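Colleague: Listed in order, the protein sequences are those of chains A and B.
Whatever position you read off the first sequence (first residue = 1), add 245 for our numbering.
Whatever position you read off the second sequence (first residue = 1), add 245 for our numbering.
Take these hints with a grain of salt, some might be off.
When chains are identical, the list treats them as one kind, so a pair holds in a single copy or across two.
[As the list claims (entries may be wrong)] Lysine to aspartate or glutamate pairs mimicking DMTMM-like chemistry, simulated, CA-CA at most 25 Å apart: (1) Lys-334 to Asp-437; (2) Lys-403 to Asp-323; (3) Lys-334 to Glu-429; (4) Lys-402 to Asp-323; (5) Lys-365 to Glu-347; (6) Lys-403 to Asp-345; (7) Lys-402 to Asp-369.
In short, the hints are calculated from the structure, not lab data.
Being a predicted model, the structure only gives us computed values, none of them experimental.
2 protein chains.
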Amino acid sequence: MSTIGPYSFEQYLKMVEKFHGRVAPGMVTGGFMIDLARRNLPEGTFFDAISETTSCLPDTIQLLTPCTIGNGWLRVIDTGRFALTLFEKYGGEGVRVSLDVEKLEGWPELKAWFLKLTPKSEQDTKRLLEELQEAGSGIYRVEHVRVGPEYLGKQKKKNIRLCARCREPFRSDTEDICPFCTGERAYLSSVDEKGPAGVR
Amino acid sequence: MSTIGPYSFEQYLKMVEKFHGRVAPGMVTGGFMIDLARRNLPEGTFFDAISETTSCLPDTIQLLTPCTIGNGWLRVIDTGRFALTLFEKYGGEGVRVSLDVEKLEGWPELKAWFLKLTPKSEQDTKRLLEELQEAGSGIYRVEHVRVGPEYLGKQKKKNIRLCARCREPFRSDTEDICPFCTGERAYLSSVDEKGPAGVR
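Taking the hints into account, I'd like the entire structure generated from these sequences.
Modeller: What follows is the structure in C-alpha cells.
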C-alpha cells in the first residue's frame, strides 16, 4: 500500500514530522490502522474516535480524521493496548483496529519494536519503516464492535460556577470548589503572580 | 493584535477551521493565550504544556506549539478551569494563562459567552469574535508558576505484557490483565470479530 488516506506515503510522513515532531513507527502504524477502520465503516458514517493509548494513535487520529481532543470527538481511554476504535456517533456501531501480534512472525524488526524486545538504541528504524510499508494492512486485526451508551452522542457541557477558593470560573453543576483547589488536580507546586515582570 | 504566533489572524482562523472543524470562540481565545504564555517564557525554552480543560485549548496548543497528546508533551489535567500552562520541561518553571473574569466588564458578548449567561442559540458569534480581537491580550491573567515534580521530564514508558484474558499486548510493569479486561476501562458493549465481512 503506498497511500495513507488521501495522501501518498511520503506526504503522510511529512505531515507526521510537522505535527508529531518525528516519524515515529507508531504514527506510521496508526496511518494504516485508520485506513483499515475507515474502509470497514459504511461510507459517510459520522464517527467519533477512541484511542486506547496516549502514544502516537491520538495524533494519527487527529491528522487523518475530523476528530480532535479539543472538539470532543476523540477520547483517550487508556487500556495500554495499541488499538483504536471509530464508531458511529449516535448508535455506537464501529470498528476496532489493533496490531495483531500473531501476524508479526515474518517481520522481525516490527515484532521487536512492538513488543519492546530490543532497546530503542538498537532499533533499525529504516528497516522497521520498510517492514511496516511492506506489511501494509496485513498485520492488523479488525473487530466489529459496539461502543457503550455512556460514550455516545454529544456530551452536555456543565455549567460555569465561580470557585469559592480561587475565584476562577470552572465547569461544574454541583461543586463549590474546583478540582485544583480541592487538591485533586493540583499540579502546581508554586504560583507567583508577581514573579519576574512579563509582557502582559 | 492582528497576529497569532507567526500567523495573521485570518490565517489562524483558517487553520482552526481545518483542524478543529469550526471557528470556536475558545480556539480564538486560546490563540491569544498561547501568545501571552510564550512571550512570558524565556526565549528558546524547551517547554511542555498542560491544558486545564478538554475544550478547545488542547487544540490551540497542538496547532501553535510542538506539544501534542500523542507525542506526550501535552497533557490534559481537567480542573474545569479555562487555563493553560507552558513550562520548562525539566525544571517546571512556567507560565499559566487564564481568561480573567474581572477584566470582562467592557465586553458584554465575551462575558456572556465565557460565563454561559446566554444560551448558545442567542450568541452573537460575529460580535463575540470582534470583541475577542478588540480585547486582544487585555483580558487574561498571567501567573508565574512551577509545575510539580511528578509532571517533569520524560515519562518512562512501561513494558509490554500479554494480557492473560484478551491475549493482546498492553503496557504495564506489574499487571497480568489489561484495564479493558478488568472492566476498569471496558468501553465496548459488544465485540464481534466475525461481523459483516470487511475489507481486510
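Colleague: Each hint needs a verdict: does it hold in this structure or not?
Modeller: Now for the hints, and whether the structure bears them out:
no.	hint	result
1	Lys-334 to Asp-437	between (43 Å within a copy, 19 Å between copies)
2	Lys-403 to Asp-323	both (24 Å within a copy, 13 Å between copies)
3	Lys-334 to Glu-429	between (31 Å within a copy, 22 Å between copies)
4	Lys-402 to Asp-323	both (22 Å within a copy, 13 Å between copies)
5	Lys-365 to Glu-347	within (22 Å within a copy, 50 Å between copies)
6	Lys-403 to Asp-345	between (39 Å within a copy, 19 Å between copies)
7	Lys-402 to Asp-369	between (46 Å within a copy, 19 Å between copies)
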